[in-house]
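Visitor: Residue numbers (my numbering), protein chains in the order written: chain F, 53 to 444; chain B, 53 to 444.
Incorrect hints may have been included.
Remember, identical chains collapse to one label, so a pair may be satisfied in a single copy or spanning two.
[Stated by the list, open to error] Computed cross-link-like contacts, SDA-like style, restricted to lysine to any residue with a CA-CA straight-line distance of at most 20 Å:
1) K203 - D220
2) K203 - Q86
3) K203 - R188
4) K128 - D153
5) K128 - R303
These are calculated hints, taken from the structure and not from any lab test.
Note that this is a predicted model, so its numbers are computed, not measured.
Number of protein chains: 2
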Amino acid sequence: MQIKWVVMLAAAGWALAQAADTAVPAASNVMNAQYPAVFADGRATFRLRAPNAARVQLQPGGSDNGLGLQPYDLVKGADGVWTVTIPPAVPGFHYYWFLVDGVQVNDPGSQTFFGWARDTSGIEIPSPGEDFYATRDIPHGQVRMEWYLSKTTGQTRRALVYTPPGYDQEARARYPVLYLQHGAGENETGWTRQGRANFILDNLIASRQAVPMIVVMDHGYATAPTAPGTPPPAAAPGAPAAPQGPTAFERVVLTDLIPVIDARYRTRGDRDHRAMAGLSMGSGQTLQITTRNLDSFSWIGLFSGAAPAGDLGTAYSGAFANAADFNKRVHLLWIGAGSAEARLMTAIPAARSLLDARGIKNVVTFTSEGTSHEWQTWRRCLREFAAKLFKS
Amino acid sequence: MQIKWVVMLAAAGWALAQAADTAVPAASNVMNAQYPAVFADGRATFRLRAPNAARVQLQPGGSDNGLGLQPYDLVKGADGVWTVTIPPAVPGFHYYWFLVDGVQVNDPGSQTFFGWARDTSGIEIPSPGEDFYATRDIPHGQVRMEWYLSKTTGQTRRALVYTPPGYDQEARARYPVLYLQHGAGENETGWTRQGRANFILDNLIASRQAVPMIVVMDHGYATAPTAPGTPPPAAAPGAPAAPQGPTAFERVVLTDLIPVIDARYRTRGDRDHRAMAGLSMGSGQTLQITTRNLDSFSWIGLFSGAAPAGDLGTAYSGAFANAADFNKRVHLLWIGAGSAEARLMTAIPAARSLLDARGIKNVVTFTSEGTSHEWQTWRRCLREFAAKLFKS
Numbered sequence: 053m054q055i056k057w058v059v060m061l062a063a064a065g066w067a068l069a070q071a072a073d074t075a076v077p078a079a080s081n082v083m084n085a086q087y088p089a090v091f092a093d094g095r096a097t098f099r100l101r102a103p104n105a106a107r108v109q110l111q112p113g114g115s116d117n118g119l120g121l122q123p124y125d126l127v128k129g130a131d132g133v134w135t136v137t138i139p140p141a142v143p144g145f146h147y148y149w150f151l152v153d154g155v156q157v158n159d160p161g162s163q164t165f166f167g168w169a170r171d172t173s174g175i176e177i178p179s180p181g182e183d184f185y186a187t188r189d190i191p192h193g194q195v196r197m198e199w200y201l202s203k204t205t206g207q208t209r210r211a212l213v214y215t216p217p218g219y220d221q222e223a224r225a226r227y228p229v230l231y232l233q234h235g236a237g238e239n240e241t242g243w244t245r246q247g248r249a250n251f252i253l254d255n256l257i258a259s260r261q262a263v264p265m266i267v268v269m270d271h272g273y274a275t276a277p278t279a280p281g282t283p284p285p286a287a288a289p290g291a292p293a294a295p296q297g298p299t300a301f302e303r304v305v306l307t308d309l310i311p312v313i314d315a316r317y318r319t320r321g322d323r324d325h326r327a328m329a330g331l332s333m334g335s336g337q338t339l340q341i342t343t344r345n346l347d348s349f350s351w352i353g354l355f356s357g358a359a360p361a362g363d364l365g366t367a368y369s370g371a372f373a374n375a376a377d378f379n380k381r382v383h384l385l386w387i388g389a390g391s392a393e394a395r396l397m398t399a400i401p402a403a404r405s406l407l408d409a410r411g412i413k414n415v416v417t418f419t420s421e422g423t424s425h426e427w428q429t430w431r432r433c434l435r436e437f438a439a440k441l442f443k444s
Numbered sequence: 053m054q055i056k057w058v059v060m061l062a063a064a065g066w067a068l069a070q071a072a073d074t075a076v077p078a079a080s081n082v083m084n085a086q087y088p089a090v091f092a093d094g095r096a097t098f099r100l101r102a103p104n105a106a107r108v109q110l111q112p113g114g115s116d117n118g119l120g121l122q123p124y125d126l127v128k129g130a131d132g133v134w135t136v137t138i139p140p141a142v143p144g145f146h147y148y149w150f151l152v153d154g155v156q157v158n159d160p161g162s163q164t165f166f167g168w169a170r171d172t173s174g175i176e177i178p179s180p181g182e183d184f185y186a187t188r189d190i191p192h193g194q195v196r197m198e199w200y201l202s203k204t205t206g207q208t209r210r211a212l213v214y215t216p217p218g219y220d221q222e223a224r225a226r227y228p229v230l231y232l233q234h235g236a237g238e239n240e241t242g243w244t245r246q247g248r249a250n251f252i253l254d255n256l257i258a259s260r261q262a263v264p265m266i267v268v269m270d271h272g273y274a275t276a277p278t279a280p281g282t283p284p285p286a287a288a289p290g291a292p293a294a295p296q297g298p299t300a301f302e303r304v305v306l307t308d309l310i311p312v313i314d315a316r317y318r319t320r321g322d323r324d325h326r327a328m329a330g331l332s333m334g335s336g337q338t339l340q341i342t343t344r345n346l347d348s349f350s351w352i353g354l355f356s357g358a359a360p361a362g363d364l365g366t367a368y369s370g371a372f373a374n375a376a377d378f379n380k381r382v383h384l385l386w387i388g389a390g391s392a393e394a395r396l397m398t399a400i401p402a403a404r405s406l407l408d409a410r411g412i413k414n415v416v417t418f419t420s421e422g423t424s425h426e427w428q429t430w431r432r433c434l435r436e437f438a439a440k441l442f443k444s
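Only chain F is shown next, with the shape it has when bound in the complex (with noise of 0.2 Å):
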């Protein structure tokens, strides 16, 4: 994987290098995969040997997924494998499988990357120009699994944490913390795996667009041992947060995480040093969680999402009823999503609107450009926010 992305993404010139007619494997090929394969204008080659099968199918995962709408059929060869080279998809990661006889099937020379609930397969299609989360020779900050025990569930649950480069050689260095959240039906591996966070932060930091920070990556989910049930829901967006108590999981980032993070990291372990930000679910999460512990957290971001609507007097548990307050309390409100989110090209200017008429400040709006409810989205809405974050 680690040679791939250097070669594809590091190299500026590589997409003019490339013949137009010529594809490679992608970066998010297993090692020695050949296929699936993309060319440098953006379209990419799919191959399932089936010679069983009557009928296989390229499903992109998700109505709004770069690689297309609609299922592509594949065509058998008289070697009983089956191929098909899909138009120009958009830039970055997108989720798919096959369709074998209706059954979902993994790509065996895809990694696996956890989406849709399940491990499944994804495509990296190259951006030409745009290498802001490529592998590059330069300084690279850690990636820990960090197993901790929760009060709230009664369970051992994983975080990722992301140390910046010279974390360990620095010892008297303390770092401001960003809480970052997957989707729903992702977990703690997403925002690493298929949002490659770790390499923005490595650039970022080492071209000082960012201050180095700590990043904690959680697994969005828990379960009160004395209420089994149901993973919380996604939250609609731009749909008012629901007045209600504090959710498992919001107990858990609250009195099991945050606590584990500030004993075993050189934290800077107060509010003016500590942002969350989530996509999808956990912007949801996010807002919920942020508005309801202002004495927590004073930096906010809401990728693709939710964003705030409904009577600010009242709604997201009163954080927005003193304009003034939440200015001063409140370092950045940042909202982001991509242009190919219709419902949010509507509901983030309405929030705008309405976050505007209330007088609240620092409140800053962005747009992906071409993208949708994607990770291509969500990495470039993690540089913009945390180019942004700990400098106020």
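With chain F's structure known, arrange chain B on it following the hints.
Guide: Same frame as chain F, but now just chain B:
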């Protein structure tokens, strides 16, 4: 994942508490997946929805897999769901996949694990009373993703690094290092995901059966840029090493990886505090690299693969030529395998006889009862080997 491990493995009385006719989701399942499900006696039920398929089989991953030797036929229900319950399996982790009209299909209910050169399904069969790899409520070490630029390959590589509990807090402590390699078709994630190496070390350290150590798990493939080609082939178990120069992987370990680890971690960087071990292909790499570099290693672990054979006066870079010298320099030559690995049950005693005849001391051999060329063997090997490391 964390949840189920605690429930299923940490409770010593689990097997007794579970009714014999009740199946529970396998610890290796993705979250919320009810199947595959395991019974207390080692039986397991598998399910797959495939309404249009003519034949669905469960294929154990390998001819000596603990799930059985042959594919199992699943039976189709009226709802289009195919199912099978297999006889009691060998305890531990087993690779498998479905064959749907001949196409290899991952089980959507299983996490995927990198083996067989792709991300494939696996199932954890409980081992009643055997909990040395359980996730317990004790201090846990971290597993860190460490990226480094290899001068040998010209590429950025990733190793996983286990740091023991307390590593960050005891800022002046220095630690010995075990380099631990996976098998052919696997990668640097195998030892923690399939092998649960970090939990094995956590448990050994908590019970003072092992000294705190760092464990480095690298990606066991390397190609020098001037000689593009395939990864080194798996070492034939028991075969003498052919005389040859260092492989690209040996050069990575000696000139890239060890200097990086010694620079970035608080190691005890001398040969007395550096071990290497590996399974299958990794044992061949270990035997070759350690015997060629006895100035760098003094503890050697061979799991289910290499066993010294041939003329020990000349083979293995002459490491055994002078027994007194070898005995002075090598604190432990540890060789283990599963009792169901028929060839190694002959090759390892033969190696022992050769070593004894030559006057080589500090040899330990081990047999994992009832297991084959599989992860339960290697978990047990690691437990036994790690408990002996760095103690003389």
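Visitor: Does each hint hold? Answer for all of them.
Guide: Now for the hints, and whether the structure bears them out:
no. : hint        : verdict
1   : K203 - D220 : neither (29 Å within a copy, 23 Å between copies)
2   : K203 - Q86  : neither (47 Å within a copy, 25 Å between copies)
3   : K203 - R188 : between (40 Å within a copy, 14 Å between copies)
4   : K128 - D153 : both (13 Å within a copy, 15 Å between copies)
5   : K128 - R303 : neither (53 Å within a copy, 44 Å between copies)
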